[in-house]
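**Student:** Here's the letter readout for the chains.
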Amino acid sequence: MGHDHDHQAVPSDFALRVKSLESLLVEKGLVDQRALDVLVDSYEHKIGPRNGAHVVARAWSDSAYKQRLLADADSAIGELGYGGMQGEHMVVVENTPRVHNLVVCTLCSCYPWPVLGLPPVWYKSAPYRARAVIDPRGLLKDLGFEISPDVEVRVWDSTAEIRYLVLPERPAGTGGMSEEALAELVTRDAMVGVAR
Amino acid sequence: MNGVHDMGGMHGMGPVVIEPNEPVFHEVWEARVFALRRAMGAWGKWNIDATRHSVELIPPAEYLELSYYARQFVAFLELMVQVGLVTRAEIERGLPASGAAKATPPLTPAKAASLIAKGVPTSRDVAVVPRFRVGQRVRARTINPIGHTRLPRYVRGRTGVVDRDHGVFVFPDTNAHFLGEKPQHVYSVRFAARDVWGDQASPNDSLYIDLWDDYLEST
Chain V
1 MGHDHDHQAV
11 PSDFALRVKS
21 LESLLVEKGL
31 VDQRALDVLV
41 DSYEHKIGPR
51 NGAHVVARAW
61 SDSAYKQRLL
71 ADADSAIGEL
81 GYGGMQGEHM
91 VVVENTPRVH
101 NLVVCTLCSC
111 YPWPVLGLPP
121 VWYKSAPYRA
131 RAVIDPRGLL
141 KDLGFEISPD
151 VEVRVWDSTA
161 EIRYLVLPER
171 PAGTGGMSEE
181 ALAELVTRDA
191 MVGVAR
Chain A
1001 MNGVHDMGGM
1011 HGMGPVVIEP
1021 NEPVFHEVWE
1031 ARVFALRRAM
1041 GAWGKWNIDA
1051 TRHSVELIPP
1061 AEYLELSYYA
1071 RQFVAFLELM
1081 VQVGLVTRAE
1091 IERGLPASGA
1101 AKATPPLTPA
1111 KAASLIAKGV
1121 PTSRDVAVVP
1131 RFRVGQRVRA
1141 RTINPIGHTR
1151 LPRYVRGRTG
1161 VVDRDHGVFV
1171 FPDTNAHFLG
1181 EKPQHVYSVR
1191 FAARDVWGDQ
1201 ASPNDSLYID
1211 LWDDYLEST
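Taken in order, these protein sequences are the chains called V and A. Numbering-wise, the numbering used here puts 84 at position 84 of the first sequence, and it's gapless, one number per residue. To convert, take the position in the second sequence, counting from 1, and add 1000; that gives the numbering used here.
Hints were generated in silico from the structure; no laboratory data involved. Heads up, a few of these hints could be off.
What the hints assert, rightly or not - Computed footprint of chain V on chain A, listed as stretches where at least three residues anywhere in the stretch have a Cβ under 8 angstroms from a Cβ of chain V:
1) 1008 to 1019
2) 1029 to 1042
3) 1100 to 1109
4) 1124 to 1137
5) 1205 to 1214
Predicted, not measured: the structure shown is a model, and the values here were computed from it. Glycine included, C-beta positions come from ideal geometry on N, C-alpha and C.
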């Protein structure tokens, strides 16, 4: 298919090798293909950044919820029905006019699946993992997002099993908006910290 | 191990390119690798730390060359062979060895749904005395383990302050090698960016890194 993953080559035989492995594992009775389909379908169609946007919009609309979210993210996120694999221990960090948060996993690709889904290619890529910790401001500037020198940038390196979600600042001029309308304004990239 | 996976702070990796409207999987085989790894994990022959280490063992040039799911696939094959779930000959032929009894898959569709909803917590409800307290100055130890570790090179020897205690978790350095869980406290430790990178960093900035008790020492 010739798809290019951040300039990394994907040998064309992977499709065949994976197919062959799957058929071997099914033949040996080691995997149930219906379980594979449940896994793929869940992360392709059900679990993604709309979950996180729901959490953020609720926090923007309900200050008591926001306090619970910052104090105990697992139970507050659980109130909205989200949690589970690769989000067993979540922490939410809040952006303010004085603080900007950025999340990375320098060692692999840790990411809060229940609220953001599976990580995009750039998050797992060498350029992001290498640069986020040493030059977060330069990285953000290249993405068109300049941070004022008087704002503190906090970079969260997900080296353990704690998964971080950024609570972006509520945009100005959204005072009368419903929670549903607010959720439409929340992007995946803002919840990782690479966008406002 | 001091592998290429431990890339925090490296230069020359190129620009970060965000693909607009990126699909969850770019190719069908990527989705199958993702699901196969979870389904085979249900055999209980390895743990998350062992899977991470299997990826770290890919030789550096190959690690950087392969896409994310290609790395996962290559490492997954090695792990399955290592624990005896399949043989290399079976992988090469794509067929079970003759006379092998057919197993019953542990991950049913219902269990897959439950795995997604509940996850696999690595916190442990055991009483372990924390060696450090919130607000205490600590130093990340200078160690260079040849096996798996989650202590990034860029922070070794640096001093920071314990910002919060996350509680007790399995210790990756032993767990990855099936040497026990050695549960201990994990802390978020705040390091001033300048204490890690020098004057080129902004004086306002900081790094929060999750570190286990065994990675830290008193100052």
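**Student:** Examine the stretch 1029 to 1042 of chain A: at least three residues should have C-beta closer than 8 angstroms to a C-beta of chain V.
**Tutor:** With 10 residues closer than 8 angstroms to chain V, the stretch 1029 to 1042 of chain A meets the three-residue bar; holds.
**Student:** Would you say the stretch 1008 to 1019 of chain A counts as covered by chain V, given the rule of at least 3 residues with C-beta under 8 angstroms?
**Tutor:** holds (count 11)
**Student:** Are there three or more residues in the stretch 1124 to 1137 of chain A whose C-beta lies closer than 8 angstroms to some C-beta of chain V?
**Tutor:** violated (count 0)
**Student:** Would you check chain V against the stretch 1100 to 1109 of chain A, counting CB to CB pairs closer than 8 angstroms, and say if three or more residues qualify?
**Tutor:** holds (count 8)
**Student:** Does the stretch 1205 to 1214 of chain A contain three or more residues whose Cβ lies closer than 8 angstroms to a Cβ of chain V?
**Tutor:** holds (count 8)
The structure is inconsistent with hint 4 alone, although it conforms to all the rest.
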